[in-house]
Each structure stands twice: as C-alpha cells, then as structure tokens.
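Protein sequence lines correspond, in order, to chains A and B. Under the working numbering, the letters of the first sequence match residues 1 to 611, in that order. Under the working numbering, the letters of the second sequence match residues 1 to 366, in that order.
By construction, these hints were calculated from the structure, which means they are not laboratory data.
Here are the computed distance ranges between Cβ atoms for each label pair:
1) Thr-431(A) <-> Ser-358(B): 39 to 47 Å
2) Arg-114(B) <-> Gln-304(A): 56 to 64 Å
3) Thr-442(A) <-> Val-349(B): 28 to 36 Å
4) Thr-70(A) <-> Asp-308(B): 39 to 47 Å
5) Tyr-235(A) <-> Gly-305(B): 27 to 35 Å
6) Arg-114(B) <-> Asn-61(A): 24 to 32 Å
To spell it out: a stretch of chain B is covered by chain A in this simulated footprint if at least three of its residues, at any positions, have a beta carbon under 8 Å from a beta carbon of chain A; those stretches are:
7) 49-57
8) 324-335
Positions of the beta carbon are idealized from the N, C-alpha and C atoms, including for glycine.
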Amino acid sequence: MSEHRSDERANGIDDAQHDVVVVGAGIAGSLVAKRLTQAGFSVLVLEAGPATAAAFDDYSNHVQAFYAATSKGPESAWPPAAGVPQPDTADIRTGDGYFVQAGPLPYGSTYTRLQGGSTLHWLGVSLRMLPEDFQLQSSYGVGRDWPLDYWALEPFYGEAEHEIGVAADVVDQTHLGLEFAPGYDYPMHRIPPSYSDRLLAAAVDGMTVNLGEDQLALKVRNYPAARNSMPRGDYRPVGAVDQRRAGQGDGHGLARDLGQRCAGNTACTPICPIQAKYNAGKTLAQADGRTLQVVAQAVASKIQLDPVTGEVRGIEYQRYDDPASARHTVHVARGRVYVLAAHAIENAKLMLASGLGSASGMLGRNLMDHPSIYGWGLASHPVGPYRGPLSTSGIDDLRGGPFRARHAALRVDVGNDGWRAPTGAPDSTVTDAVANRGLFGTALREHLRSTLSRHVRFSLNVEQLPSRSNRVSIDPRYVDLLGNPRPVINYDIDEYTLAGMAAAKRVYQEVFRRAGIKDCTDPEQGVWFPSVAYQGDTLHYHGMGHFAGTHVMGNDPAQSVVDTDQRCWEHRNLFLVGSGSFPTMGTSNPTLTLAALALRTARHLAKELST
Amino acid sequence: MTTSHHLNGDSMPAITTLDELYAYLDSAMQLEHATIPPYLTALYSIRPGTNSDAYHVLRVTVVEEMLHLTLVANLLNAVGGTPDLTVAGFVPDYPAYLPDGERDFQVSCARFSRESLGTFLEIERPRQAPDEQSRLIDRGPARRGRLGSAPGNNQLQYYSIGEFYQEISRGLHYLHDLLGDALFCGDPTRQVGSEYFYSGGGAIVPVSDLRSAEAAIDLICEQGEGFGGGIFDSEGELAHYYRFQQLVLGRYYQERDSRDHPSGPHIEVDWDAAYPIKQNAHLADYPADSEVAAAAIAFNTSYAGFLDLLTRAYGGRPELLLDAVTEMFRLRDQMTRLIHNPIPGLDGVNAAPTFEVSVHLAGVAS
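The shape of chain A in the complex, shown without the other chains (with noise of 0.2 Å):
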C-alpha cells in the first residue's frame, strides 16, 4: 500500500548541504520553502508523515476514509503513520492517546502530522489578532506584551491572506481598532453570509451585554475565511493540488477545474473534498522546484550542534518507507539555516529531545487553547442548518475591551453545521427519535424535518492566557514506536478564563433568549467533552486545536526563547516558527498570525542568507 515516493530522494540526501533545512510541511514551513526557493535559495523539507495530501488520487482516499468513518472528528480523514502518531480527540477522554495528560485538566486539542499539517483539517477561520492583543499586558495589566506591535505584522497579514487565499471584505473587519493599509481589500470577496447568519442578524444586531462594567453591543460579522470565493481584481482563487509522483505524467488534469470556488460541501472538518478551503499542499506546490526537495516520512528525531560555536550543524531524521511500520533509517540533513516549523508541541518536543533552548526555562511553556463552551438551541422558525461551510458567521464585539482587565476575551463561532459537533446529530437526533420516542414512518419524517432545520449551535471560545504551569515536556518513560518522546501536557484552566468561560455561557444564553431560541444545551446527554467546575457550575470546554506559546517570543533572552524573527536566542542559525512564537493569542484562530509571523522570517531569512 505504501509508496515509496520518496526513496531516489532520500538516498544520498546525507551528503547535499542546503541553504535551508526546514522541519515539518505544514503552513509555516511551507511558506518558508515557497518563499526561499524562490528567493533562489536551496530548500530541503522534512516532512514527519506521508505526503498522501498533495496527489489528487491520493487525497481522493482521504475524502473516502471520512465518507467511510462512523465518527467524523477532525482526524477521521487523516490517520497517522504508525511511526507518527498524532492526538486524537477520542483520546482525550480515555486518557490514553499519543499525549500523556498530565493534568489537571485534559488538554482538549488535536493536531494532524501529515503533509500538509493541520491546514489539512482546519475550519479556515482567518481573523487577525487586534491590535490590542498584542499589548495585553500594557494595556490591561494581564497577560504579556508581545514584541511586535500590530503595524509591525500588518503588511505580513495581507501577504498571508493572499498566500492563504482568504474570502472577506475589509469593510466587515474594520472593528475594534483592527485597521488595514490603505486601499487594501482581501483576495476575495467575502464568502456570502448563511440564512441563518441573516436571522440571526436581524434579531441580535444592536442589542447589549455587560461585561463587567462594559455594556456591549453586538452584532453578526461575516468572518474571514481561508476559503475560494469570486476573486477581487486579478487574483486567481487555488483550487485543488494534483501533484503526481514521478513518472505519473502531469497529473491529467483530474482535479484542475476542482476548488475554485466553495461550494458548500459541508465537510471543512475535517477535510473539504474539493479543496475549495485552503491547504498548506497549495503553498507548497506553489514553491519552486527547482531548489525545492520535500522528504515526506522522515521525523526529525535530534538536532546536532557544534560544540564550538553553539550552532546547529545538522538535524537527524529517521526515514521509514512503510508508514505501517516502525522500521526506519537514520539520517542527517544539513544546511546553513534551520528552521522548525514542526507545530507547536512538535518544536518543543524536538528542542527538549535534543537538550537545547533550556536557558530561559521558557521551553515548553506557556501552553496555551481557546478553551471553548458549546450552546446549543433550537430555533422557532427553520433556519436552514447542515448546509454550506460549517460556520460563516460570528460575533466579535466580546474580542476585546477593558473588562479583559478582569477577565479573558471571547468570540462567539456562529455555526451552520446544526447540533452535529455538540451531539452528533443528525444522526443522533434519528436514534433518539426511533429509540426514545418511539416514532417511525410519517411521524418520524416530520419530527426530523421539524427539529433538524431548527438546529443552532454556537461555538464560543476563550482567551487563555500563558502560563508557566501549562507547559509539554518529555519524559524518558514516554516515546512512540520510533523511540521519540510523546509529549507530556500539564494543563489548567485559570480564574481570568473561567471566568470568561462562565460569561460566555452567560452571552449565549442571553443571545438566544433575544432570538427566540431555546437553549437545549446539555452537555449531559451530547458528545463527551472534559469539564472543570467553577463557582457552583461545571463547564464543558472544548479544545479548538488553537495550540500556542511554546517557545514565546521575545525582546529579553532570560524571558523568551526565540528573538522577534523568530530565532533561537541560544542557537543563532536555528530558527522556531509558528504558534509556538506567540506570548499571546487573544481570541483569533492562530493560523493567520503564524502565516504572517512566518511570512516575516522568510523575508529576514531571505535577506541574511544573501549577504
């Protein structure tokens, strides 16, 4: 079953000295690549999994391994290689999966280790942070100021959200001090709001909460999607990335006319089948081939210094060919820069296995999620659920304000998937039907016609704050099949997001009391999520995969491990990026901000490398 795509490359890799050795083929490093290569610079990438995203045919069997899976979490298209396990969400309860949960509270996110990384399976949300997340700490006394202001990542946000492919019209974004260079609009218009989204609109734009002493008003906004729309200008909307093996021909064009536009296969999680929704495949087909080499299943496994000069002189990689089998061959890459863009955990991971980054104490650390709260209702009127992109809609108005002082910001995540995340209906909703209620036939046709086109469900998710305490680390006890260590997570939520939790319950609930729709959440008789109980109540979180603050960011090398290029302090020709750099993520999706904080160090590396 396994092919061996990449073997005429791996061979005599040992030898080639490259510009650039990247560690992981997910949005990070595949931005890095596309924009060295490029520059003209030679690239090498490492990819830990197989590379099964980037051929048509291939990914083909992704979409068919989703159609076939009876639970349709976000990993249900994407299973790992055997050598490569990944989190799952259906180990969190259990305990039991690739992260050792440490506690006190399970940690409630997943990742996917394949080519293409998580862009392979996420919803495509692409908000940029506001500007006052990034001086949290100056602003409202919590938190930690980051070491960039946003004007210093603006110009890197619109190059990423033309890199990404990202439908929105800046005229719904300008809120809350978020401001754009002048004549500047997204690649794409906006993705058109739901039926619901516009119910819903009519009934709750205008209306107020409180906040502590902040009297809010709200309003649903159309959010930025990484998702094909009608293009603005002359831009070209990427569809689907055929990528043939060698010797495969040209592809043949099976998938050139997929994926131009969404169009509303209601599958973003966990993967859209037209790749309409953007994949970090599409950046990395985009690189030039020419200095360009990819080695899928190979896991950088140690990173080797000079014990002179206290620079990285090679990373160590072991290469499997078959991914149902932990047998492997060692290796080393070698270049005059390298850059782990491997994922949060995974760059640490890597950095604690190899015994490096220890100075500041900041490895591994800071450890932050959206801890998120589900409600759940049912409308009086049909709304039109289970159709479109999964969400299209939100509310940001609770993004930010000075009740952060007091506690953490929120975003309200309007969906259009019905009840499915928090129950798993329709499905469920049928069984409960037919066992519960005993209805069938006629009966049991309109009772779902009746509840299911009623479904809403709202995602709203928490700022989290870093924390020295919530932090991965390895433990010698722990490794996966290749002998490298699984990542142990020490995980809590604080008061500040507690409390924020506890209001947005409190927001949603009031929201659908103004909306006329009553609240069904019981998160007793859904899908299992972990709970913490707080002031008398227990709230289910849910972990959005928003994984950040690992190797933080920053001015002082005592206080971060990696400078505001995003290299190491202690190594100077090793560079961490992504969501790993962040002090701090307030309440946007991180994907955006670590493409345009990538986006930055390509264009310092691209500089430093020619001089």
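Since the structure of chain A is already known, use the hints to place chain B on it.
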C-alpha cells in the same frame, strides 16, 4: 482540430445575415448542451467508490461542456442575440444524432461502459472535411434529434462539430467585413465573466469583438479535439478525445506521447462497476404511479427549471449562476436517486433520468 479560417474560400459562407448567425449559434448551444445528459448519465452511473480516474475524466469533461455552453451564450449575446434554453426541442430526445465525417451516429444516455465511451470518443473525434465541398453532408430525410445540421435544412449535416464551428467562424468574419464592429452590438453586461463562471480547465472568455469571438471558438474546439492536430490544447491540457481514449486503452498519456499511443501509467477501469440503467429511458418506461416515475418527473421538473435559470442568467443576470451551483447539487441528487433504484417489473434494470423537460417533445427535426 484547429480553426484555420477558410477566408480565401471561393464559396459563400452559409451565414450571411445576422438572423442566420443567430440560428447557428442557437444550434451551437443546443449542440453543446446535448452532450451533457449523456456524460452526466454515464458519470453518475459509476458506482460510488469505484473507477475514480474514469469518474474524474468524465467530470472534468462535463464541466468543460458547461464552459462551452456558456462561451456560446457569450458569443450570441455579443452579437445581439438572445440565448434561450427553454425553447421546445432544445433538449434532444435521446438517442440524438451527431455528425462524424461521412456518417452520423447515435448518442445515447447510457451507463458507463466501453460502448458509451466509444460513443463519447466519436463525439469528440477530430474531423476535418477533406475539401470545401464535403463540409456539408446530405444525410437524407430528416431524423429527429439530429444535431450539427444546417439551421433551416435538417437534411444537411456538417461533416463534424469542428466544421460546424468553422462555419460559424466564417460567418462571423463575413458579417464583420460587412458590418464592422457594429456586429458586436450586444449589451456587455450580459457577458458572463470569470467572477460567475470558473473552471481551471480554461478561463471563460467575455466576447466583445472579433478577436475574443475567435478565442471563444478556438477554446471550444481545442478542448474537444486538441490544438493544431496535437493531443493537448493550447493550455497544455489533454483534449477530451484523448482523455476518453485513455480509459479505453487503459493507459495515461504523458508528455511527448503521440496520438493513439499513450505510454504513461496504466489506468484500472472496472467496467462492471456501474449501475445497470435503462438506456435512453423515457417516462413511458416506468410504471405509472411508481416511485421511479415520480422521481423522474421531479428530476425533469428541476431540469426544466434549471434551463430556465440558465436562460435568465445568460439573459443579463450572470449572478444567477451562483444559484445554479446549488441547483446542480440538487440535480445530481435527483439523478442518483433514479440511477440507484430498480424499475419495478424490469428484472435488474435501474431507472435513469429521462431529460424530458417539455410536453412538446417534438424533437429537433420537427
């Protein structure tokens, strides 16, 4: 084939008036559309999870036929005509008859099979008439569902689809010589542009002058039959004929291959993995009051509505093509509902959409 314009030919073009040009372009729309029901029927007859490559070869091709349909609508709008996909007889009563050189052949709505692929090859086959005089063939008495014939004289059919477009190209040049740029008097807002029609297989061409008109015609011809006699079109994509041929020959073409000799990887085609549907199904084949009859009527109603939607989209409201995407999902679901279910009383024969969109099914020839 490529369109080398017979500008120096001695004979008068068949198109010498605007009305004649409209009639030809109406026929061209009908012709482009006529390939879609057979391709869709074969496509959706493939059992889910099987024949992935064949599925996508068919899917890409049918998407390009939709592009061709829209390109012809742009041509017709550009010269002041009015595309109408709702006229009686626009959808042929299958089997329909298409020209293929000295003969014509039947095109059926049938399951995916070697035989249907053989027909598709004939549809897309490159054919250039040996000389000017052979471009119109007298096929004898008019037969219903004959496509690619000379408007006004159904007995005379073009040598091939390529020659049919050749005639349109000649007519465009003739009328342009006569009228100048006034030929392109259409309302530019009726042109469908890339914001409303997208396909990686070739960008939509808004038509505003002779050059863009030629570009639209060239794209239609090249995508079907290849560029300059080669197997690829000018964008380097394999032409339809050779895409289909790969499935029949069981091998992919790769760069530098010559026609009829693909040397790329083998393609596995499971010819049995298709639903055994009724060929050229008609409502009359289904027991009255049966569920398949109701489903077939529902599909036909949707399809008629869809053609009406396209007519409005091509009639100055291109943004309606956004709604057309949703409608195409609906059509797919309605088609598979028929194809996946047996016809009561016919042992082991499944239903299929009948594409009978109108009670006035007099056929093209009437």
